[in-house]
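S.K.: Sequence:
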Amino acid sequence: KKNLSVINHRKAFNMTSTITREQWLSKATEELRALFKQHGEVIPERVRSSCGFPSKSALSAKNRRIGECWSSRASADSHAEIFISPTISDSSRVLDILAHELIHAIHPGDGHGSKFGRTARAIGLEGKLTATVAGPEFLAWAEPVLARLGVYPHADLVPANAIKKRPDLELYQPDKRHPTLAGTYLAATTAYAALYGKSPVGNTYTAGLDAATAGFLQTVALETVQEYLGR
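With the numbering used here, letter number 23 in the sequence shown gets 24, and the count goes up by one each step, no holes.
Do not rely on the hints blindly, as some may be mistaken.
Across the chosen pairs, the derived CB separations fall in these ranges [what the hints assert, rightly or not]:
#, residue 1, residue 2, range
1, 118, 151, 30 to 36 Å
2, 43, 213, 51 to 57 Å
3, 212, 115, 48 to 54 Å
4, 112, 43, 41 to 47 Å
5, 213, 28, 38 to 44 Å
Note that these hints are calculated values from the structure, not bench results.
We treat Cβ as the ideally placed atom computed from N, Cα and C, and that holds for glycine.
Put together the whole structure using the sequences plus the hints.
M.R.: Rendered as C-alpha cells:
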C-alpha cells in the first residue's frame, strides 16, 4: 500500500481558482507555442493535456514518471495526449514538465534522441534528457508566463513519510483537507528540494516551527525527493 497524503496548497497560500487543470494546461501550451516558435519548432495543433497518472512507474520508488506523451497515432481522433502526474502541483515544475512532453509531441518516435535533445536545450531545459528540469533561461521566460497563468489549480499527492515516522505530528487541520503549518512546511520544503536539487536540511528558516520539528520535516523532504529520483 502506497503511503501517500494530499497537501492542499491553494488553501495554504490563500489562492482560489476559477479554471480547471486542463484549462490551465491548455493556456500554458499556448504560451509555450511562442517559445518553441522562437527556436523553429511547431507544437502540433491537435494536442491535449490532462492531470493523470502515467501508464508505467507512476508511483514507483525509483525512476518515477511524472509526465507522459502518447503519440497522436494512438488516439482515435489523432490528438497527442499528454499527462502530468498528480504528484506534482508546483506551477513552475508543471510548466517545465509540460514543455518536456510537448517536445515528444513535436518529435514523435525520437524518444529522448538527438532531435529531442536539441529542442530541449534550445528552450532552456537542463539535466538528463530522460528527466529534464528548467534551467535559468527557461525560468526567466516562465516568470511572466506564470504571472499570467496563475497558480496551477491542483492539490498534489505527497509521500507522507512524516505520518509514519511521527504519528503525533499533525499535518492537517481538523477538516483533514487543509494543511497545518507543519504540513505546509513539509510541502514547501519538498518542493524546494525537488526544484533546486538542493538539500533543505540545515535551513535556518523554520516558519515558526520548533527547530526539532523543522529539522525532522527537512529530512523527510530530502528523503522523499531522493526516493522520487532513485538516488
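S.K.: Taking the hints in turn, state whether each one holds.
M.R.: The hints, checked one at a time:
Look at residue 118 against residue 151: about 31 Å separates their beta carbons, and that is inside 30 to 36 Å. For the pair residue 43 and residue 213, the supplied restraint of 51 to 57 Å holds, since their beta-carbon distance comes to about 54 Å. Between residue 212 and residue 115 the Cβ separation comes to about 50 Å, which falls inside the hinted range of 48 to 54 Å. Between residue 112 and residue 43 the Cβ separation comes to about 19 Å, which falls outside the hinted range of 41 to 47 Å.
Roughly 43 Å separates the CB atoms of residue 213 and residue 28, a value that falls within the hinted 38 to 44 Å.
Checked against the numbered hints given earlier, this structure breaks only hint 4.
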